Amino acid sequence: MSTARLADLPSLAAAQPLFFPAPRGHRPPSVYMGPKPNKATPSLKLRCSVAKESTISPLGVSGEGGQLGAVDCIVVGGGISGLCIAQALATKHGDAVPNVIVTEARDRVGGNIITVQKDGYLWEEGPNSFQPSDPMLTMLVDSGLKDDLVLGDPNAPRFVLWDGKLRPVPSSPADIPFFDLMSIGGKLRAAFGALGIRPSPPPPGHEESVEEFVRRNLGDEVFERLIEPFCSGVYAGDPSKLSMKAAFGKVWNLEQNGGSIVGGAFKAIQERKRAHKTPRDPRLPKPKGQTVGSFRKGLSMLPDAISSRLGSKVKLSWKLSNISKLDKGGYTLTYETPEGLISLLSKSVVMTVPSHVASSLLRPLSGAAADALSKFYYPPVAAVSISYPKEAIRTECLIDGELKGFGQLHPRSQGLKTLGTIYSSSLFPNRAPPGRVLLLNYIGGATNPGILSKKESELVEAVDQDLRNVLLNRNAKDPLVLGVKVWPQAIPQFLVGHFDVLDAAKAALSDSQGLFLGGNYVTGVALGRCVEGAYDVAAEVANFVSRYAYK
Numbered sequence: 001m002s003t004a005r006l007a008d009l010p011s012l013a014a015a016q017p018l019f020f021p022a023p024r025g026h027r028p029p030s031v032y033m034g035p036k037p038n039k040a041t042p043s044l045k046l047r048c049s050v051a052k053e054s055t056i057s058p059l060g061v062s063g064e065g066g067q068l069g070a071v072d073c074i075v076v077g078g079g080i081s082g083l084c085i086a087q088a089l090a091t092k093h094g095d096a097v098p099n100v101i102v103t104e105a106r107d108r109v110g111g112n113i114i115t116v117q118k119d120g121y122l123w124e125e126g127p128n129s130f131q132p133s134d135p136m137l138t139m140l141v142d143s144g145l146k147d148d149l150v151l152g153d154p155n156a157p158r159f160v161l162w163d164g165k166l167r168p169v170p171s172s173p174a175d176i177p178f179f180d181l182m183s184i185g186g187k188l189r190a191a192f193g194a195l196g197i198r199p200s201p202p203p204p205g206h207e208e209s210v211e212e213f214v215r216r217n218l219g220d221e222v223f224e225r226l227i228e229p230f231c232s233g234v235y236a237g238d239p240s241k242l243s244m245k246a247a248f249g250k251v252w253n254l255e256q257n258g259g260s261i262v263g264g265a266f267k268a269i270q271e272r273k274r275a276h277k278t279p280r281d282p283r284l285p286k287p288k289g290q291t292v293g294s295f296r297k298g299l300s301m302l303p304d305a306i307s308s309r310l311g312s313k314v315k316l317s318w319k320l321s322n323i324s325k326l327d328k329g330g331y332t333l334t335y336e337t338p339e340g341l342i343s344l345l346s347k348s349v350v351m352t353v354p355s356h357v358a359s360s361l362l363r364p365l366s367g368a369a370a371d372a373l374s375k376f377y378y379p380p381v382a383a384v385s386i387s388y389p390k391e392a393i394r395t396e397c398l399i400d401g402e403l404k405g406f407g408q409l410h411p412r413s414q415g416l417k418t419l420g421t422i423y424s425s426s427l428f429p430n431r432a433p434p435g436r437v438l439l440l441n442y443i444g445g446a447t448n449p450g451i452l453s454k455k456e457s458e459l460v461e462a463v464d465q466d467l468r469n470v471l472l473n474r475n476a477k478d479p480l481v482l483g484v485k486v487w488p489q490a491i492p493q494f495l496v497g498h499f500d501v502l503d504a505a506k507a508a509l510s511d512s513q514g515l516f517l518g519g520n521y522v523t524g525v526a527l528g529r530c531v532e533g534a535y536d537v538a539a540e541v542a543n544f545v546s547r548y549a550y551k
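Positions 1 to 551 (the numbering used here) are the ones given, in order, by the sequence shown.
Each hint should be verified, as a subset may be incorrect.
Claimed, not checked - Each computed DSS-like pair below joins lysine-lysine, with the alpha-carbon atoms no more than 25 Å apart:
| # | residue 1 | residue 2 |
| --- | --- | --- |
| 1 | Lys454 | Lys477 |
| 2 | Lys146 | Lys277 |
| 3 | Lys315 | Lys92 |
| 4 | Lys375 | Lys390 |
| 5 | Lys477 | Lys288 |
| 6 | Lys288 | Lys250 |
| 7 | Lys477 | Lys118 |
| 8 | Lys454 | Lys404 |
| 9 | Lys455 | Lys477 |
| 10 | Lys417 | Lys165 |
| 11 | Lys454 | Lys250 |
| 12 | Lys146 | Lys250 |
| 13 | Lys506 | Lys118 |
| 14 | Lys506 | Lys485 |
| 15 | Lys315 | Lys325 |
| 16 | Lys477 | Lys165 |
Calculated from the structure, these hints are not laboratory results.
As the structure is a computational prediction, the values presented were derived from the model and not from experiment.
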């Protein structure tokens, strides 16, 4: 993953990791949600109650004789995970799951995706970018945003601070010999370790942390100078506690499947060559190289576009107060809404809210599941967006007279308070007025939870001081402060034992058929992983409704 991950603060309820992952003017038509129930296509006849003070129709689902047909699926949470699940159901499984509702407690969609435009600046206060994987590209194309996609320069450098200097990060293993971030000894240790010449794996039953895995396979320098700051950028996490299997499963699987990282990589290549290749959707853009993406007017364009297509299926300011299971299958969900209390019936439910919120909502159904979901830890992170004149940047940090690159990461050992900085005005176009640079900085995380006690002015001062130590001229003018967004519970930590806890929660809910868990603590913290996971959850819901629908 590229350094731009600090940007994907997915956690932020559904977005992506912190760092480094209809045509314009055309109003998209409403998504076809399938035929209304009629005598030829019988539906579940259950009562959908609306409080007396409410004047709105419950979901507009038609029925007969005062009894209203239950919806097929209610998605609880209108963040990026919830919206993408609903969109995936509409575009991939519309016949099986025609009636879908998304409910959101807040008065807007998007969860922690927040784009702000002001005075010629455009900045993100949550996730900053995404990796343009095919599932992500499919979602944005289906949302009518193909022409609004913007991609970073794949050749732009990423930097890591080491010994007082910003040093470029190799973009591929072939580049490693030509970069000074590591010593010759460190490079040789990494090469031999990747080939399998390293200490043996731990005994069965021992789950390695990211630190244990990397130090054993690739050596101390790779861990301290690359992976430790990378963990700060992706998870705002502590690599001594993060699970390698849960947080970086693809790399962990290489050793499991091939005996070493290189052996696993070669085996994976061979398996891909033998596997049947599904033709790529010709509608999808073809990004070049390893890069990150956003949209012309910021990431908020995606949830806004999906919500527009779903139309009245999205219910804002609906706060779920109770969920109960029916004896004959299905669920009753009661909401506090601007129109009063409303109770809905649904064949299936997907909970995409943060785990601690899901814990509270699901406790009446399963205390064991609630206890498991309460164990996930979300450390605080602050996103500080500030601007300086271009001349504030040190000459030695410029490339062809410009600040170029994705951004920089700061290992904890280097003494800075900030986790890293994204060069927002260099990464994507039209992010700052001419002559200005826009920098998005992250501070906090699992190794610095004390930021919650800091004032905004103190956070800005800490960021400004770190930048003057590394990137700015000492006599640079004071920054223009655009935004300081503190997320008290930012990114779920995939700690050692993460999958055990998640499996325990799912097992405790096994009797509650048709109830699914979604969101970034389930699928992964990157915005792209939330989208990929949405397609998986949608397929599970469609399979359930098709096989177990109550006729």
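Verification of the supplied hints:
1. Simply put, Lys454 and Lys477 have alpha-carbon atoms about 23 Å apart, close enough for the 25 Å limit, and the pair holds.
2. A C-alpha spacing of about 24 Å is found between Lys146 and Lys277, which places the hinted pair at or below 25 Å, so the restraint holds.
3. Note on Lys315 and Lys92: the hinted pairing holds, with a Cα-Cα distance of about 22 Å set against a maximum of 25 Å.
4. Restraint check for Lys375 and Lys390: the C-alpha separation of about 45 Å exceeds 25 Å, so the hint is violated.
5. The suggested pairing of Lys477 with Lys288 is violated, with an alpha-carbon distance near 38 Å, which exceeds 25 Å.
6. The suggested pairing of Lys288 with Lys250 holds, with an alpha-carbon distance near 22 Å, which does not exceed 25 Å.
7. Between Lys477 and Lys118 the CA atoms are separated by roughly 21 Å; this keeps the pair inside 25 Å, and the hint holds.
8. Taking the CA atoms of Lys454 and Lys404, the gap is near 31 Å; set against the 25 Å cutoff, the hint is violated.
9. Proximity of Lys455 to Lys477 is assessed by CA-CA distance (about 21 Å); at most 25 Å being required, the pair is judged to hold.
10. Between the alpha carbons of Lys417 and Lys165 the distance comes to roughly 16 Å, so the proposed pair stays at or under 25 Å and holds.
11. Straight-line distance between C-alpha atoms of Lys454 and Lys250 comes to about 37 Å, which puts the hinted pair past the 25 Å bound.
12. Between Lys146 and Lys250, the direct Cα distance comes to roughly 28 Å. Violation of the 25 Å bound is thereby established for this hinted pair.
13. For the proposed pair Lys506 and Lys118, the alpha carbon gap of about 44 Å is over 25 Å, so the pair is violated.
14. Of the pairs offered as hints, the one joining Lys506 and Lys485 is violated, with about 33 Å between alpha carbons and a cut-off of 25 Å exceeded.
15. This hinted pair checks out: Lys315 and Lys325 have alpha carbons roughly 22 Å apart, not beyond 25 Å.
16. In summary, the hint linking Lys477 to Lys165 is supported, as the alpha carbons are separated by about 22 Å, within the 25 Å threshold.
Hint compliance for this structure: hints 4, 5, 8, 11, 12, 13, 14 are broken, all remaining hints hold.
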